[in-house]
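Number of protein chains: 2
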Amino acid sequence: MAFKFQLNPNIKFDYNQKFLAQADANEPTLIVHQQSVKRWYTLNTQKQLVPLPNKLIQLPLHRDDCRILDFGDHYVGHLALDLSAHGAHMDAPLTLKFQFAEVPAELALDSANYTGWLSRSWIAEEVFHIDSLPTSLRLPRRYSFRYVKITVIDTSPKWQVLLTNPIVTATSAVDEENLPRPTSKDPELREIERVSTKTLAECMQNVFEDGPKRDQRLWLGDLHLQALANYATFNHPDLVKRCLYLFAGMPTTRGLISANIFTHGRPAPDDTFLFDYSLFFISCLKDYVDQTHDRATGLTLYPIAQRQLDLALTYVDHNGKLQLPESWPAFIDWGDIYDKTTAAQGVLISVLRDFLVLTTSLKLPTSTIYQASLERTTRYAQTTLFDADQGLFTSGPKHEFNLYSQVWMALAKVLPSKQTTKLMQKAYRSYFPVTGIATPYMYHFIVTALLESGLRTEGRRLLKTYWGGMIAQHADTFWEAYKPEDSNYSPYGNPLINSYCHAWACTPAYLIKKYQL
Amino acid sequence: MAFKFQLNPNIKFDYNQKFLAQADANEPTLIVHQQSVKRWYTLNTQKQLVPLPNKLIQLPLHRDDCRILDFGDHYVGHLALDLSAHGAHMDAPLTLKFQFAEVPAELALDSANYTGWLSRSWIAEEVFHIDSLPTSLRLPRRYSFRYVKITVIDTSPKWQVLLTNPIVTATSAVDEENLPRPTSKDPELREIERVSTKTLAECMQNVFEDGPKRDQRLWLGDLHLQALANYATFNHPDLVKRCLYLFAGMPTTRGLISANIFTHGRPAPDDTFLFDYSLFFISCLKDYVDQTHDRATGLTLYPIAQRQLDLALTYVDHNGKLQLPESWPAFIDWGDIYDKTTAAQGVLISVLRDFLVLTTSLKLPTSTIYQASLERTTRYAQTTLFDADQGLFTSGPKHEFNLYSQVWMALAKVLPSKQTTKLMQKAYRSYFPVTGIATPYMYHFIVTALLESGLRTEGRRLLKTYWGGMIAQHADTFWEAYKPEDSNYSPYGNPLINSYCHAWACTPAYLIKKYQL
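The listed protein sequences derive, respectively, from chains A and B.
For the first sequence, the numbering used here assigns the number 408 to the initial residue and increments by one for each residue that follows.
For the second sequence, the numbering used here assigns the number 408 to the initial residue and increments by one for each residue that follows.
Hints are computed from structural coordinates only; laboratory data are not their basis.
Check each hint, because a few of them may be wrong.
When chains are identical, the list treats them as one kind, so a pair holds in a single copy or across two.
Each computed DSBU-like pair below joins lysine-lysine, with the alpha-carbon atoms no more than 35 Å apart [what the hints assert, rightly or not]: (1) K454 / K825; (2) K565 / K504; (3) K728 / K565; (4) K565 / K411; (5) K921 / K833; (6) K454 / K504; (7) K504 / K445; (8) K825 / K770; (9) K445 / K728; (10) K805 / K770; (11) K411 / K871.
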């Protein structure tokens with residue numbers, strides 16, 4: 408896991424109230440859906456889920472009894488249920504433990520064993536004491552789940568508790584009861600489209616959240632991909648507009664856009680800065696203008712986009728070599744085993760292209776600086792980073808060959824089209840089956856690089872094996888982290904904290920439609 | 408532990424709305440006291456309490472840090488405190504665990520190990536997730552405590568939490584800031600009086616609770632003793648009146664008074680019936696009339712008192728032998744190692760005397776039935792239960808000699824005064840130091856029997872060693888259970904559930920004043 412917490416207490420932010428007002432004006436009205444329970448389970452002595460016969464659902468529960476509610480699909484919302492005491496008068500409080508799970512495997516884990524580096528506070532469980540029954544309990548916090556395990560910590564020997572009418576009040580910025588239909592004719596791909604559309608819908612809340620289970624935050628890297636999937640499905644551009652204004656409304660005093668925004672309560676930027684994420688503001692704005700032809704927004708936010716590029720270019724030397732400071736690392740992917748220098752150069756070249764397209768589509772004059780920068784950075788890649796003998800790009804001081812570099816150089820179109828095809832063919836021979844990469848985020852760029860380079864069969868196959876691999880494991884929504892070679896992988900040392908509905912995994916709906924797979 | 412849960416689902420209750428309205432009319436206005444924290448502690452590596460230097464109180468806390476708040480004395484109320492995040496923007500929820508303790512020993516125990524028979528729901532702990540800081544957190548449930556351990560389950564690596572302004576909003580039906588002063592000249596006894604007065608004050612809430620930590624319920628056995636201590640200290644007879652009306656207002660359809668009343672929400676009788684507790688309604692009404700000369704209440708409730716006696720007398724045979732059904736056991740004490748048959752007979756005789764006194768003081772005609780019953784039950788005790796050779800009473804089919812029997816026969820004044828003195832002298836030689844008895848409730852009757860029999864020195868000594876023994880263990884209030892020979896004793900298999908402020912332990916203030924110790 409390469410993600411390092413950044414602490415930048417001395418960095419100050421500028422708040423552009425006009426932009427933030429625009430963000431407010433585009434706040435969505437959430438669509439509410441009431442979902443009752445589909446199936447009841449209990450656990451057998453081996454702690455496996457066992458369906459509960461109908462007649463047992465009506466039975467009151469004793470100390471240590473548990474019920475697992477299955478709402479049939481993934482939801483983001485509030486759980487409510489009715490509780491009543493059966494037997495003698497309630498002579499002690501009722502104590503119930505609720506454990507929310509996006510996938511059944513989470514239910515088997517004991518949170519007491521969690522020692523991971525991410526906050527334990529994200530573990531989706533609650534314990535409630537209830538002093539008076541009957542009552543309708545509405546849990547005050549929003550959770551992201553399909554399953555809820557309810558354990559009776561205790562009643563008393565004199566009475567038991569009956570759980571009835573569990574219901575989820577689920578929300579989304581889009582109508583989840585009428586999800587857009589898949590476009591592919593291939594049943595496997597249709598299923599992947601369906602799940603990716605559901606994933607996106609679940610993450611579309613007050614903003615594009617990265618994951619409704621954890622963080623629940625607007626990250627630029629996720630937004631970039633969510634927006635593309637959104638255009639291909641719900642086409643709800645106002646939510647993209649809102650998010651662009653949130654990022655643009657709270658840059659640092661130097662004009663740098665934060666990697667993510669806190670949106671609980673008053674919006675606030677995180678003091679975390681990622682090179683590629685800042686630059687993707689440009690790509691995201693370009694895609695937005697492409698999609699909506701909303702030239703006014705494009706023109707208003709263009710200076711903010713330009714500022715990201717200008718800041719990036721200060722780290723490019725006269726040879727066209729990008730050398731990033733430690734304070735502004737490139738994310739590329741969570742993995743930390745591969746060098747990212749060349750991939751970061753590829754991101755910069757790719758975004759330079761996006762910026763020039765944006766400038767043109769807004770009918771603005773193109774400064775020669777950016778064209779020159781594109782040429783210089785591209786030339787550096789061609790002449791210095793490309794190893795003609797190997798047919799691959801090297802990365803970093805140790806001239807490492809890795810998949811990140813080939814993918815981003817292909818996406819940056821550094822080489823002529825036919826050579827890019829050869830590059831990705833070589834990459835395919837060298838690095839497939841892919842190992843050591845755990846994020847659908849990076850897999851999205853690998854698949855895109857294959858498809859853009861004409862390796863349609865390989866791109867389609869990877870999409871099927873990777874996202875299809877999650878479906879084979881009964882994914883209702885796509886995951887934050889998935890390593891085909893290690894299906895229990897958690898970047899946090901414990902799957903309890905994994906987000907199993909994660910925005911950056913939602914792109915197949917976009918890829919399948921765009922490339923007509 | 409002899410206490411068995413009773414389940415009587417088929418028993419129906421009569422609700423006397425006039426009586427319940429009288430109970431309502433005498434509901435006390437609780438007096439509120441705001442108490443700020445007196446001392447801050449943390450735990451050292453050996454999990455011992457270590458005072459926290461002032462400058463450390465101001466430091467924000469990380470994952471697994473803990474603070475122990477000491478409010479300087481026992482309180483019953485709601486905890487509130489201010490919470491703020493320090494460091495970067497809050498990027499995860501805050502999770503705090505609160506553990507409330509009446510005595511420090513509770514803080515060292517892990518609730519996960521509790522396997523006792525009483526409901527785990529009584530374990531005084533809460534876990535809260537807080538999504539937004541700063542905030543003022545007011546815990547919604549009332550707790551009974553002097554100490555609160557707050558453990559930071561987690562913040563995140565980017566920020567810490569600062570706890571400030573912890574405050575208890577404490578309640579009592581009496582003014583705890585002006586407790587009645589002790590009456591004894593003996594410093595040890597004065598301290599015992601002080602602690603017993605505090606114990607009573609803490610249990611005087613909306614009703615006389617048995618213990619504010621657990622049950623929080625109106626039990627007749629406790630009320631009987633609390634009322635006596637109350638007359639000797641706060642003299643708040645309206646609360647006794649309220650409680651008498653609550654019991655009288657909800658008997659079974661046969662007219663039997665329940666052992667206790669639930670008073671959270673709408674009052675309701677428990678379906679638990681104890682012979683001695685039902686009868687103590689009579690003694691409690693007699694004491695109330697003695698104290699207040701409120702003849703109107705006495706006359707109104709007299710038929711209810713009489714009904715308890717009439718029901719009891721149905722279990723007395725023509726020889727004067729009481730033989731109780733399983734459905735109406737005598738409590739006497741929690742212990743289950745000694746036979747209680749003779750003690751129950753002693754309770755009946757004692758209460759018969761109280762009933763006759765009550766009848767006289769209300770200037771009602773005395774039915775010859777009760778006088779005859781008194782004579783018959785007394786004669787049975789004298790002739791059949793008393794073993795002249797041993798100078799002690801036997802109990803049960805196995806002719807067991809035990810302390811319960813001697814105490815209750817002494818209190819029932821079955822023998823002439825001098826012989827009662829001899830009886831208690833013999834009991835003293837036979838059963839002291841007392842072992843196998845864990846309740847201050849039974850110890851109250853032992854001390855009373857000694858004092859009533861003229862064994863003033865022995866009574867005073869027992870009062871000092873027993874209640875003083877709890878003070879030697881730093882009791883701020885007297886306990887539900889205390890065995891001098893086993894100071895870690897818990898009737899529940901775990902002291903986490905023990906009530907360390909328990910009404911039935913509050914009688915020294917009464918005993919010391921009444922007997923001018």
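Exercise. Failing hints, ascending?
Worked result: Hints 1, 9 and 10 are the ones this structure does not satisfy, whereas the remaining hints hold.
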